[in-house]
Amino acid sequence: MLNQVYRLVSAHQFEAQTIDENLSSDEIIVRPTYLSLCKADQRYFSGNRSQTVLDKKLPMALIHEAIGKVVFDPQNQFAVGDTVAMVPNTPHEKSSTIKENYLTNSHFRSSGYDGFMQEYVFLRRDRAVKVPKSFEPHMAAFTEMISVGVQALTNLKETMDNDESVLGIWGDGNLGYIIASLAKAFFPNSQLIVFGRHQYKLDYFSFADQTYLVNDIPPELKVSQALECTGGSGSQIAIDQIIDHIQPMGTIILLGVSENPIEINTRLVLERGLTLRGSSRSGHHDFQTVIDILSKDRQTYDRLCNLIGTTQKVTSIREVVSFFEKDSTSSWGKAVMRWEV
Amino acid sequence: MTVYAQILAGGKGTRMGNTAMPKQFLPLGKKPILIQTIEKFVLEERFKAILVVCPVDWLTHTQDLVHKYVTDQRVVVITGGAERNDTLMNGIKYIEENFGLQDDDAVVTHDAVRPFITKRIIDDNIKAVMKYPAVDTVVPAIDTIVRGKDDQVEEIPIRDYMYQGQTPQSFNIKHLKAAFNQLTDQQKAILSDSCKICLLAGEAVHVVRGELANIKITTPYDLKIARAIIETRVNI
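These protein sequences, in sequence, are chains H and C.
Take the first sequence: its position 109, counted from the start at 1, is 95 in our numbering, and no numbers get skipped.
Take the second sequence: its position 83, counted from the start at 1, is 828 in our numbering, and no numbers get skipped.
Don't take every hint at face value.
Stated by the list, open to error - Interface residues of chain H toward chain C, partial, derived using beta-carbon atoms under 7 Å:
1. M(-13)
2. Q(-10)
3. T4
4. D6
5. V57
6. V66
7. E326
To be verified - Listed below are the simulated DSS-like cross-link pairs for lysine-lysine, each with C-alpha atoms no more than 27 Å apart in a straight line:
8. K299(H) x K876(C)
9. K793(C) x K55(H)
10. K864(C) x K312(H)
Simulated from the structure, these hints should not be mistaken for laboratory data.
Where is the CB? At the ideal position from N, CA and C, for every residue including glycine.
Using the sequences and the hints given, assemble the complete structure.
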């Protein structure tokens, strides 16, 4: 079938490319319906990556957070009309040790491979996770980002010692908010403290037990385990702070992506017996966990719905460009497009 | 309301140069053009039936192609008439005889040789035909349109008001039938556009936005362009 794929060819410029697709029996065809923007997409769109990276990865369809409706399944495992969240990670091998999102030969959509800005997505069936009809679609659109939180908290649970008393989250952005919301479901008995740089953002974390501006943390304050969700150059400062405020033998989960390498005070990491574990992306299992949690836990569901930011129906490439531009000036919430291109 | 699709594959390929095979059967990518077009329509679950209307001489060939590539049972191959509008009305007759006709039933008609149709255009046509009796798909004219006769320019209309007609063209079936029946034989003979049936009968025709890429493959040059713009997938 001739499929239109809307690829970013250079900063601020998309072009439609027709692809002659062939459906294999392990694939289904999905019409994308709601697409959520991620900071990584914004960086490509605005040309905020190195020229070497842009030269290597473009042209490429953006967006790796999306839901869609199944329009065809040759095996009838999915019904036509089923809403599915699409897993952007596509592994090409199975490992009993390494999780699918850490396999180095996996393909990740909108990072070197076409994302979901397409007329139809030809999706491997094991990359589709059914979304209940009752789910608010704008929220369901960023299931992928929520699943990144699930992956991180699962990694924390696997790695940490038995001290669950205080959980510290560094970062007051969208990812920090998602992880804080999920932390209540993963660690219901823990005290939750969020550290951030903006009071107006910290005000959204009404469910946290405490929030602190990062320049105003009491010196004696200690957390049992910590998650770093800042990214960029802020990662280094956040990790320094975490090392100062975490209990010995605590675990620090690192999620923030920094474009350039950062320094870590390994002397103190050694002295305090800390564990630093990286957490990136997610897999099918994390998606399913998101659906399971949100189906049962109304509070977490409602909190995540509060993260819906700018929304708009888009019917043309011109509208997509203006939506990306609008999102670039927004400081809070997830921007979601209702995809009718 | 029931919506039908009708893919008009009645062309005999007279403008395609010296090829013996009508253009809708020529390969584009891995499949014949007609199949590429049908595949877009079978992904739309709202169509109760998808009629493929082909020339009498090519009925078996069309049926064989559909059998080879398409599993959707809604696709039915029937034969058309001598002219485009006879072909269109043959499809309408088939719908009426096989499914009956209700007041709000509609048909989305599309050229078999426009395989670059998108889901958005089909959606917009269905949405519009639920509201209006006739719908045309157009793109703003890029070239200046010149009206002329006998080697003389008679008029150069203001380009801002000029559009190029594409397909789909969608109709409330009962309105279309009534409009067609009002036409004289002479009018029927010179009609090259289905929406004009409704215009001549005084019906308003609503427009929806097409796409520049939704080209009609009519000449060898068009086919060359069509083949040049498609790509095969090299990654996931």
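Checklist entry - Which hints from the list above does the structure break, by number from lowest to highest? => result none
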